[in-house]
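A.B. asks: As given, the protein sequences belong to chains B and Z, one line each in that order. Numbering follows the numbering used here, in which position 79 of the first sequence is assigned residue number 79; successive positions increment by one, without gaps. Convert by adding 1000 to the 1-based position in the second sequence; the result is the number in the numbering used here.
Be a bit skeptical, because a hint or two may be false.
With a straight-line Cα cutoff of 27 angstroms, these simulated BS3-like cross-link-like pairs (lysine-lysine) come out [stated by the list, open to error]:
#, chain 1, residue 1, chain 2, residue 2
1, Z, K1067, Z, K1098
2, Z, K1249, B, K153
3, B, K218, Z, K1098
4, B, K99, B, K153
5, B, K256, B, K218
What the simulated footprint calls covered on chain B by chain Z, stretch by stretch (three residues with Cβ under 8 angstroms from a Cβ of chain Z suffice, anywhere in the stretch; the number is not a length) [what the hints assert, rightly or not]:
#, region
6, 224-231
7, 235-245
8, 288-302
Taking CB as the label site, the calculated pair distances span [stated by the list, open to error]:
#, chain 1, residue 1, chain 2, residue 2, range
9, Z, T1215, B, P106, 46 to 52 angstroms
10, B, K218, Z, I1093, 44 to 50 angstroms
11, B, R222, Z, R1027, 52 to 58 angstroms
12, B, K135, Z, Q1139, 52 to 58 angstroms
Worth flagging that the hints you see were computed from the coordinates, not collected in a lab. We put the beta carbon where it would ideally sit given N, CA and C, even for glycine.
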Amino acid sequence: MAIFDYDNDGWMDLYFVNSGPADFFQPTRPLRNALYHNNRDGTFTDVTERACVGGRDFGVGVAAADYDSDGWTDLLVTTYGRLILYHNNHDGTFTDVTKAAGLDQPGLFTSAVWFDADNNGLLDLFVCHFAKYNKALERDCTVNGVHHYCYPKSYEPWPSRLYKNNGNGTFTDISISSGIGLHLGKAFGVVATDINNDGLLDLFVANDSVPNFLFLNKGGGRFEEIGFQAGVAYSADGAARSGMGVDAIDFDGDGKQDLFVANISRERDSLYRNAGDNSFVDVAGSTGIGMATVMETGWGSRFADFDLDGRPDLILANGHPDDLIESINNSLQYREPLLLFHNNGRGFENVSAAGGPAFEESFAARGLAVGDLDNDGHVDVVVGISGDAPLILHNIVRNTNHWIGLNLTGLATGSNITWSVNGVEHGIFKRGGGSYLSSSDPRDVLGLGTAEHADWIKVQWPAAVGRTDRFEHVRAGQYYSLTPGGDLL
Amino acid sequence: MIWLLALQLAAGPAQHYESARQDFAQRRFSEAVDQVNAALHESPNMVPALVLKARLATLAHRPDVAKSCLITAVAANPASEEAQFFLGLHYYIQNDFKLAISPLETAETLSPDNPLPVFYLAMTEEALGNESKATALYQRAETLSPQKSSQSAEILVAYGRFLLSLGRSQDSIEKARQALEADPESRDAHYELSKGLDHEGDFKNAALEGERALTLPEMGTSDAQIHFLLANVYRQLDRPELAKAHLEKFLESPQTTRR
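All chains, full assembly: derive it from the sequences and hints.
C.D. replies: This is how it looks when you write it as structure tokens:
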């Protein structure tokens, strides 16, 4: 799902992708995607039909961004079969411009990310492609006479795609020339971040049952796959894991972006601490993430500072992929609990038990996005549930901590936001994408702890913008908009 | 055929079971199956024979038969430590961890000085993500295991692997070294020691231990795992030719996943 502001009213709206009819699937009742307008009172109104974003394909994921820099957020929907690019018409409606944009290509697409691959100031598009699949290739995965979900090992890997934004509403497929298309995977999740602080956005891609990819941006629209050398491709014992959702954050405040992957049950999730020199160490065990996730299958994954202490916490959406798993294993469940981890500065503490009633239940959770739905400075969570209604988790963490919201307008992905509170420096690198099939609130909430103002805030814009803005003594408790070189408004 | 049946009947179930046990020990599995079936034909609830049949079924990749035998054995004699242990082991091997706990705990109660039920309980709790329980159980299994035996080495290796998974590489190294004192030819122990040393940044000794592991018979740790480790270690040591060679061997091996 996507949390984004389609009508520029300053309130986050919601878009949900549904699995409509396909050649291998006929839903028992009509299914379409859904856009909900935020009514600013804790309720939402379904505006799908008016907005013309129903889709009616076998939808999979969504990535929201203003790809044509007109100030309005557009939608890229991934499906089994094709991509759909919805251009925002600025009047509450969208137009399907997929064909005109040159994105009308077949495939089984999952997550996607908008990011500036070549630092020319335009948002390019990376789309994860899962295995080579169509109905004719479907396998019979029967266990004890019962037709089960097929493990991905049954299907051949396939390359993901990179599309260059031509700046005129069209895109050019540069998968091969960029190096991305040379690597066969079963891609589920992607996050764009800068692992070596060179000003170029790299891509971390989670693959299911084959090694993960880390595409190092070499500049000029070219990428080198360094997953093995970087230590993020395999488990410590050389086994390819089943990666689903991903995220990237500097969780330990050392100025380097770390990586996270949610894996299937018994594989533990991975938290890769950036060791510098383009290499990573899996610290899931020592940080408390490993044992807490060993029985869960993770999908949606997002770091966010839920308690506004200045450190990124972590929330995970879980659920086993096989809806019949309980018939063949007594220790695993199809529905699994959400997990919430608090970053205490030394590691991650599993605080799910204190997370509220939603954390006491189990779900077939998949997509997950975070965002401030009521503009109170507390980051809320939306979780997509397979075959059921979504969850909207209202953040009611109540402490004396304060916050500042930042809405960076224009080309913002790749910005480095730093701020100081009582002389202590914090930072957020504005990554692109992340989680699983989902798109989060583009705004950033800076946690100040108990301070009522930030000593200063510095925004280092992406290389294509090429400037840094700094503001002194910024008061807490509100959202500020910022354009490069502008004032906090 | 009739005379053979008559001979078997004459031998009695205990004798058939004893023959089966000896055949099993000498890895004559086909003969062992015949003998254990003969024993159970005469005495369907003979617990040792049921357990032995379950072990043979496990080797023959028939977990359904193994499970059935063990459940029958436990029903026939709930006080059989052997039946309880192997039922717990069966569930553990089948990744049915929650079901493994009860029979393993019963086996532990019935035979409190036996390290094996405690050891498998430790691994079960580890698989379930119960860190504190697993830690305590591994510690107890280590205490119970006989000094300097292959069994104690196996327990120490698993304990060390668990500690490394928690990021406790120094403790893991200590367990691997203890395992090697108990069994210097343990490939698993050399491999785990190499991993711990790699974590600690002692790449030179990690390479030595990894290379040593490669020379030992492949039982648990695969060649592919060691090549993967050595490819990383030699890259750290700035030995690109060795890193490349091990990486190529790793990539040539069948790729493993847990699924």
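A.B. asks: It remains to establish, for every hint, whether it holds in the given structure.
C.D. replies: Hints versus structure:
For the hint pairing Z/K1067 with Z/K1098, the CA-to-CA distance comes to about 15 angstroms; that is within 27 angstroms, so the pair holds. Among the hinted pairs, Z/K1249 with B/K153 is consistent with the structure: their alpha-carbon atoms are about 22 angstroms apart, no more than 27 angstroms. At most 27 angstroms may separate the alpha-carbon atoms for a hinted pair to count; B/K218 and Z/K1098 exceed this at roughly 49 angstroms. Between B/K99 and B/K153, the direct Cα distance comes to roughly 32 angstroms. Violation of the 27 angstroms bound is thereby established for this hinted pair.
Under the criterion of a C-alpha separation no larger than 27 angstroms, the hint pairing B/K256 with B/K218 is consistent with the structure, at around 18 angstroms. Chain Z is given as covering the region 224-231 of chain B, and this holds because 3 residues of the stretch bring a CB closer than 8 angstroms to a CB of that chain, at least three being needed. Note: the region 235-245 of chain B has 7 residues with beta-carbon separation from chain Z under 8 angstroms; the three-residue rule is met and the coverage holds. Only when three residues or more bring their CB closer than 8 angstroms to a CB of chain Z does the claim for the region 288-302 of chain B stand; here the count is 6, and the claim holds.
Between Z/T1215 and B/P106 the beta carbons are some 51 angstroms apart, a value that agrees with the proposed interval 46 to 52 angstroms. Take B/K218 and Z/I1093: their Cβ atoms lie about 47 angstroms apart, and the range 44 to 50 angstroms holds. Roughly 57 angstroms separates the CB atoms of B/R222 and Z/R1027, a value that falls within the hinted 52 to 58 angstroms. Separation of B/K135 from Z/Q1139 is about 54 angstroms and conforms to the stated range, judged on CB atoms against 52 to 58 angstroms.
In the structure shown, a violation is registered for the earlier hints numbered 3, 4, in ascending order.
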